[in-house]
Amino acid sequence: MYGKGRAWIELNLKNLKHNIEEFRRLLPCDCELMPAVKANAYGHGAVPVAKALQEQGVHAFCVASAAEGAQLRRAGISGELLVLGYTHPAEFDELIACDLIQTVIDGNYAEELQRDGRRFTVHVGIDTGMHRIGERWENIEEIIKIFQMPHLKVTGIFSHLCVSDGQSGEERAYTLEQIRHFEYVAEELHRQGFSNFKCHLQGSYGILNYSQYCFDYARAGIAFYGIYSGKHDSTKARLDLVPVLSLKARVISVRTLYKGEGAGYGLTYHPQQNRKIAVLSIGYADGIPRNLSNCGYVLCQGRMAPIVGRICMDQMLVDVTEIPQISPGEEAVLIGKSGSLEIRAEDVAQWAGTISNEIVSRLGERLERIAE
22 MYGKGRAWIE LNLKNLKHNI EEFRRLLPCD CELMPAVKAN AYGHGAVPVA
72 KALQEQGVHA FCVASAAEGA QLRRAGISGE LLVLGYTHPA EFDELIACDL
122 IQTVIDGNYA EELQRDGRRF TVHVGIDTGM HRIGERWENI EEIIKIFQMP
172 HLKVTGIFSH LCVSDGQSGE ERAYTLEQIR HFEYVAEELH RQGFSNFKCH
222 LQGSYGILNY SQYCFDYARA GIAFYGIYSG KHDSTKARLD LVPVLSLKAR
272 VISVRTLYKG EGAGYGLTYH PQQNRKIAVL SIGYADGIPR NLSNCGYVLC
322 QGRMAPIVGR ICMDQMLVDV TEIPQISPGE EAVLIGKSGS LEIRAEDVAQ
372 WAGTISNEIV SRLGERLERI AE
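Its first residue numbered 22, the sequence shown is counted upward by one per residue in the working numbering.
Please keep in mind that the hints were generated in silico from the structure rather than gathered at the bench. Computed from a predicted model, the values in this text were never measured in an experiment. The reader is advised that the hints may include incorrect statements.
To be verified - Under the rule of at most 20 Å between Cα atoms (straight-line distance), these lysine to aspartate or glutamate pairs were calculated in the EDC-like manner:
1. Lys-174 with Glu-192
2. Lys-219 with Glu-53
3. Lys-252 with Glu-162
Said to hold, decoys possible - Pair by pair, the computed Cβ-Cβ distance ranges are:
4. Lys-35 with Thr-277: 40 to 46 Å
5. Ser-216 with Asn-129: 24 to 30 Å
6. Glu-351 with Glu-204: 32 to 38 Å
7. Glu-343 with Glu-282: 16 to 22 Å
8. Arg-201 with Gly-97: 36 to 42 Å
9. His-172 with Lys-257: 38 to 44 Å
10. Gln-75 with Gly-374: 32 to 38 Å
11. Gly-385 with Ser-274: 42 to 48 Å
12. Glu-208 with Thr-176: 24 to 30 Å
13. Ala-88 with Lys-257: 21 to 27 Å
14. Gln-188 with Ser-216: 33 to 39 Å
Beta carbons are placed, not taken as given, at the ideal position from N, Cα and C, and that holds for glycine.
Start from the sequences, fold in the hints, and give me the full structure.
Written as structure tokens, this is what we have:
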């Protein structure tokens with residue numbers, strides 16, 4: 022693949038299929054994948070990713086908003102589309118028109134949906150300890166009331182594990198406590214005669230570290246794309262997950278920066294000897310963290326080129342002194358492979374002082390997504 026524009030993303034759908042197979046190999050046969058394709062499928066491109074997943078037999082997806090769900094419906098995606106967060110009443114029409122499943126974030130929100138008068142399909146969020154959204158697990162009577170509301174068709178309950186990526190004894194104990202709380206709610210609902218609902222609890226690290234507790238669905242997120250949140254994350258399950266995304270940009274100019282001259286905004290880069298600088302047509306408006314200025318690397322012709330100067334909105338500078346034959350029009354790799362070297366999203370996240378989830382989910386809309 023080779024992009025035609027200034028900067029682009031390449032999607033390896035064979036790797037995506039491979040990751041699907043790896044997760045299915047780990048999960049019990051009665052637990053289905055419900056991949057998170059929110060935030061434009063973690064920057065990969067929600068439509069091409071969802072279409073590829075649908076071709077592999079996936080029929081349930083998670084999004085973050087009604088607008089994200091509507092985009093997938095317009096693209097022809099069928100099956101269950103769960104909106105994991107809040108939807109404003111002004112967008113309730115979209116929930117109905119696009120056959121989206123809305124999350125009940127708490128009892129008050131359930132009443133707001135009920136007052137609308139139309140019938141909404143919902144999954145009830147259960148707060149088992151993250152204290153973000155969901156009705157508290159102890160409030161079983163309130164949860165039952167939500168199930169009994171005539172304008173709500175409850176087809177599922179879910180919660181979220183907040184420290185399932187941790188390996189300490191305290192973190193594991195807290196995760197197991199969350200699992201017990203969730204199981205308690207499901208059991209109580211069954212005792213009260215409610216049986217026709219799905220349960221889901223685990224995201225990526227919940228699956229990789231606690232696969233023995235899987236329920237009806239497993240909400241694979243960042244790991245589904247062959248990426249871990251942190252470079253040194255370890256998991257109980259050792260799946261052969263491979264990255265789906267590569268990020269590339271065009272070399273648009275190669276120039277000499279003479280000893281003593283400064284480069285970029287603020288002239289923050291001052292070489293002590295003459296250097297050759299390449300200008301790349303990508304910047305922070307495309308999602309490249311500005312705090313990678315004067316740190317981090319890209320790959321050119323299979324060699325490392327350090328980022329120099331401040332990253333601009335639409336461009337950035339790299340030192341290519343050690344790559345003598347480089348010329349305008351060539352590609353630079355910001356995430357992915359070049360020759361025998363590879364820069365992973367986890368590397369970029371480490372250089373930027375954040376997690377990989379943030380790096381890829383902020384990749385901009387003006388980056389062309391090319392799927393193979």
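Each hint tested on the structure:
| no. | hint | in the structure |
| --- | --- | --- |
| 1 | Lys-174 with Glu-192 | violated (35 Å) |
| 2 | Lys-219 with Glu-53 | holds (11 Å) |
| 3 | Lys-252 with Glu-162 | violated (43 Å) |
| 4 | Lys-35 with Thr-277: 40 to 46 Å | holds (42 Å) |
| 5 | Ser-216 with Asn-129: 24 to 30 Å | holds (26 Å) |
| 6 | Glu-351 with Glu-204: 32 to 38 Å | violated (55 Å) |
| 7 | Glu-343 with Glu-282: 16 to 22 Å | holds (19 Å) |
| 8 | Arg-201 with Gly-97: 36 to 42 Å | holds (41 Å) |
| 9 | His-172 with Lys-257: 38 to 44 Å | holds (42 Å) |
| 10 | Gln-75 with Gly-374: 32 to 38 Å | holds (36 Å) |
| 11 | Gly-385 with Ser-274: 42 to 48 Å | violated (21 Å) |
| 12 | Glu-208 with Thr-176: 24 to 30 Å | violated (18 Å) |
| 13 | Ala-88 with Lys-257: 21 to 27 Å | violated (36 Å) |
| 14 | Gln-188 with Ser-216: 33 to 39 Å | holds (36 Å) |
Checked against the numbered hints above, the structure breaks hints 1, 3, 6, 11, 12, 13 and satisfies the rest.
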